[in-house]
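There are 2 protein chains.
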Amino acid sequence: MQKDNQHNNPPRSVEDLGEFGLIHYLTDDVKIRNKSTVFGIGDDAATLDYRDRQVLVSSDILVEGVHFDLSYMPLKHLGYKTAVVNFSDIYAMNGMAEQFFIDLAVSNRFTLEAIDEFMAGVKLACDHYGVDLAGGDTTSSAKGMIVAGTAVGGGEKDKITYRNGAKPNDLLVVTGDLGAAYMGLQILRREKEVFLANPQHQPDLEPYSYIVERQLKPEARKDVVEWLARNNVIPTAMIDISDGLSSEAIHLNQASGLGVQIYEEKIPIDHRTASAAEELNLHPLVAALNGGEDYELLFAVSQKDYPKIKNVPGLSIVGHFTEEPGAFLITKLNEKVPLTAQGWDAFLQRENKK
Amino acid sequence: MQKDNQHNNPPRSVEDLGEFGLIHYLTDDVKIRNKSTVFGIGDDAATLDYRDRQVLVSSDILVEGVHFDLSYMPLKHLGYKTAVVNFSDIYAMNGMAEQFFIDLAVSNRFTLEAIDEFMAGVKLACDHYGVDLAGGDTTSSAKGMIVAGTAVGGGEKDKITYRNGAKPNDLLVVTGDLGAAYMGLQILRREKEVFLANPQHQPDLEPYSYIVERQLKPEARKDVVEWLARNNVIPTAMIDISDGLSSEAIHLNQASGLGVQIYEEKIPIDHRTASAAEELNLHPLVAALNGGEDYELLFAVSQKDYPKIKNVPGLSIVGHFTEEPGAFLITKLNEKVPLTAQGWDAFLQRENKK
Numbered sequence: 066m067q068k069d070n071q072h073n074n075p076p077r078s079v080e081d082l083g084e085f086g087l088i089h090y091l092t093d094d095v096k097i098r099n100k101s102t103v104f105g106i107g108d109d110a111a112t113l114d115y116r117d118r119q120v121l122v123s124s125d126i127l128v129e130g131v132h133f134d135l136s137y138m139p140l141k142h143l144g145y146k147t148a149v150v151n152f153s154d155i156y157a158m159n160g161m162a163e164q165f166f167i168d169l170a171v172s173n174r175f176t177l178e179a180i181d182e183f184m185a186g187v188k189l190a191c192d193h194y195g196v197d198l199a200g201g202d203t204t205s206s207a208k209g210m211i212v213a214g215t216a217v218g219g220g221e222k223d224k225i226t227y228r229n230g231a232k233p234n235d236l237l238v239v240t241g242d243l244g245a246a247y248m249g250l251q252i253l254r255r256e257k258e259v260f261l262a263n264p265q266h267q268p269d270l271e272p273y274s275y276i277v278e279r280q281l282k283p284e285a286r287k288d289v290v291e292w293l294a295r296n297n298v299i300p301t302a303m304i305d306i307s308d309g310l311s312s313e314a315i316h317l318n319q320a321s322g323l324g325v326q327i328y329e330e331k332i333p334i335d336h337r338t339a340s341a342a343e344e345l346n347l348h349p350l351v352a353a354l355n356g357g358e359d360y361e362l363l364f365a366v367s368q369k370d371y372p373k374i375k376n377v378p379g380l381s382i383v384g385h386f387t388e389e390p391g392a393f394l395i396t397k398l399n400e401k402v403p404l405t406a407q408g409w410d411a412f413l414q415r416e417n418k419k
Numbered sequence: 066m067q068k069d070n071q072h073n074n075p076p077r078s079v080e081d082l083g084e085f086g087l088i089h090y091l092t093d094d095v096k097i098r099n100k101s102t103v104f105g106i107g108d109d110a111a112t113l114d115y116r117d118r119q120v121l122v123s124s125d126i127l128v129e130g131v132h133f134d135l136s137y138m139p140l141k142h143l144g145y146k147t148a149v150v151n152f153s154d155i156y157a158m159n160g161m162a163e164q165f166f167i168d169l170a171v172s173n174r175f176t177l178e179a180i181d182e183f184m185a186g187v188k189l190a191c192d193h194y195g196v197d198l199a200g201g202d203t204t205s206s207a208k209g210m211i212v213a214g215t216a217v218g219g220g221e222k223d224k225i226t227y228r229n230g231a232k233p234n235d236l237l238v239v240t241g242d243l244g245a246a247y248m249g250l251q252i253l254r255r256e257k258e259v260f261l262a263n264p265q266h267q268p269d270l271e272p273y274s275y276i277v278e279r280q281l282k283p284e285a286r287k288d289v290v291e292w293l294a295r296n297n298v299i300p301t302a303m304i305d306i307s308d309g310l311s312s313e314a315i316h317l318n319q320a321s322g323l324g325v326q327i328y329e330e331k332i333p334i335d336h337r338t339a340s341a342a343e344e345l346n347l348h349p350l351v352a353a354l355n356g357g358e359d360y361e362l363l364f365a366v367s368q369k370d371y372p373k374i375k376n377v378p379g380l381s382i383v384g385h386f387t388e389e390p391g392a393f394l395i396t397k398l399n400e401k402v403p404l405t406a407q408g409w410d411a412f413l414q415r416e417n418k419k
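Residue numbers (the working numbering), protein chains in the order written: chain R, 66 to 419; chain D, 66 to 419.
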């Protein structure tokens with residue numbers, strides 16, 4: 066049977082196809098592009114060949130109702146995001162993602178067409194980032210949708226970057242801008258509540274398209290890893306920002322046995338993020354520090370790399386590492402405020418007192 | 066805080082610890098033993114180094130209520146089985162499993178003590194098979210428990226065995242005995258029904274301990290992969306038996322573009338499996354052909370390896386590959402019965418007519 070014929074028929078359920086049929090249905094158009102992928106889908110395991118490079122592996126699980134809400138997250142976006150979030154972990158090691166494995170459990174409320182939508186997003190992300198879809202498993206669940214992704218990549222031994230290599234006086238650099246994905250989520254939640262109260266309401270997300278897209282269709286910073294390689298910059302420590310600048314900076318300084326200071330005025334916040342925050346009576350700095358899901362990279366570089374970094378658009382030097390332990394924010398008023406991984410409430414309370 | 070103190074306190078929930086605390090709590094006793102594990106838990110990704118070997122990756126997802134029933138599956142066994150099932154996929158490629166990544170989503174009905182039990186099973190399996198627990202992710206779920214495991218291993222390029230390499234006249238060899246895990250499941254289900262009807266009932270599983278253990282605590286055949294290496298036998302095709310002999314043999318013959326014939330009288334069935342089948346009015350052959358979850362290995366070897374294989378306890382030559390396509394069972398009465406991947410009902414009906 067041709068796949069196109071299947072698509073012209075009414076969507077069917079997972080059970081109709083059975084496990085083997087489903088895997089073939091979902092993956093018969095998958096092409097292999099990386100040399101490291103010797104054998105992908107279709108055996109007990111995929112075979113990879115990384116030769117002289119080291120292999121990077123990262124795994125994440127996403128649960129409906131906990132990590133995503135399908136009432137405002139289209140399935141194709143969810144597939145894309147699931148893949149990108151995993152690729153981001155490989156880039157955060159200064160490596161290249163080359164294979165992706167997707168495990169999917171769905172309840173019988175999901176049609177085959179719905180699963181196809183999800184997989185279209187996964188495949189689009191794989192295409193965009195040059196990653197091979199090399200395996201996975203599909204099954205039914207008692208309730209909802211659960212997605213587990215595993216990304217595999219490669220890196221040169223001397224260039225793989227851990228969290229623990231920062232040195233005193235190293236600069237702390239962040240890519241892109243922060244807080245947008247969090248503000249996008251707040252807008253989506255607000256519109257959902259309005260819709261639930263009044264189903265006739267048509268949400269107009271157009272004014273918020275930048276921040277909503279940062280939430281629904283985040284991108285990982287493969288381009289930054291490529292820039293680092295081209296410019297011979299090897300970060301001394303690196304992490305991706307999934308839980309907010311504050312939490313990730315603390316991971317870096319604690320793993321490196323150092324302290325870190327971040328300057329409020331240096332934190333990159335897009336004007337659209339700031340304006341949405343103002344509309345919702347939130348301090349944009351809180352979104353940047355604690356919002357998360359930006360999938361930007363946060364890294365330490367030696368002072369000697371300052372000339373290479375300083376004028377690059379999209380790279381912001383936001384602070385530096387210190388011998389003295391502790392993570393601190395230096396505010397615009399030159400106050401020194403301790404940062405915490407769960408610093409949200411503390412900082413918010415402080416701001417509200419002002 | 067010492068972990069031992071935590072264990073002396075009443076079990077707490079996942080939320081009490083938070084995601085970071087939980088990962089540390091669950092993995093602070095993990096030791097690395099394989100050279101290929103450069104860096105395990107604690108960064109964005111694990112770093113592996115397989116040097117001249119190829120890398121094997123396999124991923125599986127298990128859902129409560131679909132793949133396991135916690136009313137008779139102790140959590141420690143579930144953890145053990147989750148790991149072993151994934152290792153088995155690596156052995157089925159004629160490789161060695163060396164790293165394991167576990168993603169766990171649990172609803173708030175699970176205490177920290179329960180998750181610890183599950184992880185104790187995972188760690189026991191890792192110890193037993195010499196595999197490093199190298200990463201994972203823990204989160205909450207709306208309902209039930211969902212487990213996704215990824216096993217990574219290594220194999221020499223010339224020895225990695227796919228499903229598609231069998232040649233005409235190659236022998237079909239199966240390890241151990243078949244159908245026991247399936248019969249164990251039937252006994253557990255029967256006892257559960259009796260218990261639900263009469264909660265005073267104390268199940269006596271002692272007479273069924275072999276088959277129940279095959280279901281609850283299966284082992285993967287690392288020993289067979291080691292035997293093959295020691296004896297310089299490289300299978301031409303291999304798969305592990307997760308879905309029954311019939312379905313797996315069909316995978317091998319179809320992938321290899323051949324046919325296969327299996328002789329009923331050669332299929333290894335333990336007397337305890339046969340006796341449980343008799344008790345439940347099932348044909349033991351059906352359990353062996355279609356029962357699944359045995360995690361034995363099924364492989365093809367060239368006729369030239371016959372002298373090495375023929376007298377080895379625990380290796381049964383059950384058939385051979387043919388140029389003529391199709392998968393057939395040759396019965397004890399010398400009838401030729403077609404095998405199907407979902408051959409259960411067809412064969413059962415045939416048997417019942419006799």
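Bear in mind the hints are in silico, worked out from the structure with no lab data behind them.
Check the hints yourself; a few may be wrong.
Which copy? The list can't say, so a pair holds if one copy fits it or any two copies do.
Derived EDC-like pairs: lysine to aspartate or glutamate, alpha-carbon spacing no greater than 16 Å straight-line [what the hints assert, rightly or not]:
| hint | residue 1 | residue 2 |
| --- | --- | --- |
| 1 | Lys-373 | Glu-178 |
| 2 | Lys-287 | Glu-330 |
| 3 | Lys-100 | Glu-389 |
| 4 | Lys-282 | Asp-134 |
| 5 | Lys-375 | Asp-94 |
| 6 | Lys-224 | Asp-114 |
| 7 | Lys-222 | Asp-117 |
| 8 | Lys-397 | Glu-329 |
| 9 | Lys-287 | Asp-223 |
| 10 | Lys-257 | Asp-134 |
| 11 | Lys-208 | Glu-284 |
Status of the hints after comparison with the structure:
Taking the shortest Cα distances, Lys-373 and Glu-178 never come within 16 Å of each other, neither inside one copy (48 Å) nor across copies (51 Å). Neither within a single protomer nor between protomers do Lys-287 and Glu-330 lie at most 16 Å apart by alpha-carbon distance, with minima of 27 Å and 58 Å respectively. For a Cα distance limit of 16 Å, the shortest separation of Lys-100 from Glu-389 qualifies neither inside one copy, at 46 Å, nor across copies, at 35 Å. Within a single copy, Lys-282 and Asp-134 get their C-alpha atoms as close as 14 Å, which meets the 16 Å cut-off; across copies the closest is 36 Å, which misses it.
With identical chains, the CA atoms of Lys-375 and Asp-94 are never at most 16 Å apart, being 44 Å at best within one copy and 43 Å at best between copies. When the C-alpha separation of Lys-224 and Asp-114 is checked against a cutoff of 16 Å, the pair qualifies only between copies, where the shortest distance is 14 Å, while the shortest distance within a copy is 19 Å. For a Cα distance limit of 16 Å, the shortest separation of Lys-222 from Asp-117 qualifies both inside one copy, at 9 Å, and across copies, at 15 Å. Taking the shortest alpha-carbon separations for Lys-397 and Glu-329, only the intra-copy value of 6 Å comes in at or below 16 Å, while the best inter-copy value is 81 Å.
Taking the shortest Cα distances, Lys-287 and Asp-223 never come within 16 Å of each other, neither inside one copy (18 Å) nor across copies (34 Å). Within a single copy, Lys-257 and Asp-134 get their C-alpha atoms as close as 10 Å, which meets the 16 Å cut-off; across copies the closest is 36 Å, which misses it. For a Cα distance limit of 16 Å, the shortest separation of Lys-208 from Glu-284 qualifies neither inside one copy, at 29 Å, nor across copies, at 30 Å.
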